[in-house]
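Chains as they are written, first to last, in the working numbering: chain A, 383 to 702; chain B, 933 to 1379.
If you're looking for bench data, these hints aren't it; they were derived computationally from the structure. A portion of the hints provided could be inaccurate.
[Claimed, not checked] Okay, derived cross-link-like pairs now, DSS-like style, lysine-lysine, Cα gap no bigger than 25 Å in a straight line:
| hint | chain 1 | residue 1 | chain 2 | residue 2 |
| --- | --- | --- | --- | --- |
| 1 | B | Lys1033 | B | Lys1357 |
| 2 | B | Lys1357 | A | Lys497 |
| 3 | B | Lys1357 | B | Lys1016 |
| 4 | A | Lys497 | B | Lys1016 |
[Claimed, not checked] Listed next, with one range per pair, are the computed distances between beta-carbon atoms:
| hint | chain 1 | residue 1 | chain 2 | residue 2 | range |
| --- | --- | --- | --- | --- | --- |
| 5 | B | Arg943 | A | Leu560 | 40 to 46 Å |
| 6 | A | Val661 | B | Thr1111 | 28 to 34 Å |
| 7 | B | Ala1239 | A | Val557 | 51 to 57 Å |
| 8 | B | Thr1006 | A | Ala571 | 44 to 50 Å |
| 9 | A | Val661 | B | Thr1006 | 53 to 59 Å |
| 10 | B | Leu1362 | A | Gln584 | 26 to 32 Å |
C-beta: ideal position from N, C-alpha, C; glycine also.
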Amino acid sequence: MGAFGHYLASHFTTLQKEFWYLLVGGVANGFLYGMVAVGYTLVYGVLRLINFAHSEIFMSGGFAGYFLMKALVGTTVPSGLSSIGLIGLGIVAGGLVGALVATALERVAYRPLRKRNAPKLAYLISAIGASYFMFNLAGKEFGRYSVSVPQPYINHAVFHVFGAPVLMYDIIIFVSGLIMLFALDRIVATTKLGRSVRAVAQDAETASLMGVNIDRTIALTFVIGGALGGAAGFLFGLGTGVVYTMGFTPALKAFTAAVLGGIGNLRGAMIGGLLLGIVESLSVVFVQAAYIDVVAFGILVAVLLFRPTGILGERLGRAA
Amino acid sequence: MRAFLRRPIVRRFFMIGAAMAALEVMTGPPGSTEAPTAGFAGSFTQPSPFFGLFSTVRWVVFLFLAVVIWAIVTLWSIQGAAIKRSVTTVTAVPRAATQRKSVRRGLGVVLLIVALILPHVITDPFWQAAMVEQIAVYVLLAMGLNVVVGFAGLLDLGFVAFYAIGAYTTAWVTGALPTPPLFGVDLNPFFAIPIAIAIAMLSGVLLGAPTLRLRGDYLAIVTLGFGEIITIFANNLYGITGGSQGTGVIPHPSIDLGPLHYVWGLTPVPYYYLTIVFVVIFLIAFSLLEHSRVGRAWTAIREDEVAAESVGINPLKYKVMAFAIGASTAGFAGVVTASQSNNIFPSSFTLFFSINILVLVIFGGMGSIAGVVLGAVLIQTVSMYLLHSPPAGYQSADLYIYLGALLILMMIFRPVGVLPSRRRKREIGLAESGEGHMDEVLTGDTP
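Just chain A, same shape as in the assembly (with noise of 0.2 Å):
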């Protein structure tokens, strides 16, 4: 007891001061890794493999909000009505840059491996190899600085709770995630591009047989997974700042994120990249922040062991 005994005790008097204010970031985090997980799902879903280049549809959107801000936010900080039309620019140009580079990806990286049928392995070193290749031309074009986005809004404290200020940068992740979440539940749940999507998920084949037309369902899936993952890598550089490499590390998060849930469950996502978020946020208090990727990776591959199936389980094809 005695040594870690009292470290536990002091680091738990850390955790009960600052709980509501790392709780805040936490689940701001965890809105955007939610976002970016379920892409990694809706992909997996009707290809059965993780999207490795997913990372650089993030880092597009990034970029497009990026220069979007840049060429529309003036010398002073806008705010009020200006603020929040500006912000659903950006989200839209994020949303529409992530899935227009979606769409070329699984035109140039899968679909002509789809059409061969080739193994698996196949997929996986072509999709490395876009991502690499995406994410080094980005460096090329853009330069290799990170740099900051003009802010479009006042980041004031909007409120506390129990103390906690909650900035407006966390509300816009609160809300705009909300939005984009349940919408897209609601697309998969009861559209019928949400129905062709979930019926190639259970069983290619058969949907085709019964007149899904699988290419076109894959592709939408794409488009659907590039806008949520492009949306959220504005609202992350927004916050971060953006450079070619940004993609990274919180795209192994979200996918973290997508097998806590349980990979292919769309609902699993969301809850996984929350729960992700507060951990990670919440481990600040035990660990040194250098240390906090560590934590992420650890939870990666504890669920891997224990629960390869996430919490509420691996579900293909289902509505939520």
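Let chain A serve as the given structure and place chain B on it in line with the hints.
Only chain B this time, still in chain A's reference frame:
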């Protein structure tokens, strides 16, 4: 209009045009966040000589190239079968000859002799250093990763982790780390070899044993994460690794056996011969391994895991074995690099390194030792050439763009590599025609 656009010959033109546009951007000038379109626009509008004939702008050159390639591809699609037939007749005799064991061995010996006299032909110091650090060591690494990716069919994206472990172990036992050395005394790097191999192998087993039960794509992402984690630790454990400042001075290896005294110094050529010796040892070991019981077990698992299990092969055991052998090769390469370069920094162990090795394996041909060696020599030589005398507008970081593109192109057009192993070629062919169960094997879809 739509029907016209859908004709294969027209579609092909647009596809080649798009690929050429991508190439144009890849080779074009860089941009920045201040001028994000400068790179793209400059790629098309910058002046460029038209194959030394007259000067024009870049897009004209690339459009011309696109037309030429399109014409060649179109001609090939019409006449390709006939050309292929005649080429096959011409190459039939040499091909049959190279498949004879004696001829292959002879060829190997000739290549080895060429490798041995090479440092006396090439005396440029840049190239002599590159031959050790960037070519011989990478051949070793590519052979190691080939055991994992090629023989066992497992995608390892964190190969750099084991390389780093080998390098830091060397620093540790030779007393170059802030922590006291393993045995209390500073050892000769030669003694680091077995220790580094053992530690790298152990970490391979520790990482592999839990994760190799899982789907192959999970393994890929776990290894990807592991590679990053190792760098984080190396960067932040100041008291143990020296942090981002790097290690202290790692001594050069030396031999002191009775009348035999030799110290490897700063010149690269002695290291070259040392590395060549180990490359040959690993080469022989791995080709024996390939045709051994273990190698056959890997093939069986790769082709059909369930069937392999039903005849008494324990897939997990053999996968862990492949993983550990790959890891220990990387660990050994880490010893060579650490003792040759004197001190090591966490910044040299990144994802870029892992992907670089993967490209060598994929380009050469997964599972083909000769192919992997050829791939490593070719790609590393080209990348060193680009570093040594860069063409106009080339930045050293552009190499990664080309390597990424190369991975995609190989997977689309020639997944078996330039010098494929016959077995692997057949497997991929069978999988693509719907026979065999390679998919389940590679991703372990069985619960």
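Hint check results:
1. Distance restraint check for B/Lys1033 and B/Lys1357: the Cα-Cα separation of roughly 20 Å lies within the 25 Å cut-off, and the hinted pair is therefore satisfied.
2. At roughly 18 Å between alpha-carbon atoms, B/Lys1357 and A/Lys497 fall within 25 Å of each other, so this suggested pair holds.
3. Pair hint B/Lys1357 plus B/Lys1016 holds up; C-alpha atoms about 18 Å apart against a cutoff of 25 Å.
4. For the suggested pair A/Lys497 and B/Lys1016, the alpha carbons sit about 24 Å apart, so the restraint of at most 25 Å is met.
5. The beta-carbon spacing between B/Arg943 and A/Leu560, approximately 43 Å, falls within the hinted interval of 40 to 46 Å.
6. Remark: the range hint 28 to 34 Å for A/Val661 to B/Thr1111 is upheld by a beta-carbon distance near 31 Å.
7. Look at B/Ala1239 against A/Val557: about 54 Å separates their beta carbons, and that is inside 51 to 57 Å.
8. A hinted range of 44 to 50 Å for the beta carbons of B/Thr1006 and A/Ala571 is consistent with their spacing of about 48 Å.
9. Under the hint 53 to 59 Å, the C-beta atoms of A/Val661 and B/Thr1006, about 57 Å apart, fit the expected range.
10. A C-beta distance of roughly 27 Å is found between B/Leu1362 and A/Gln584, which places it inside the suggested range of 26 to 32 Å.
In terms of the numbered hints stated before, the structure departs from none.
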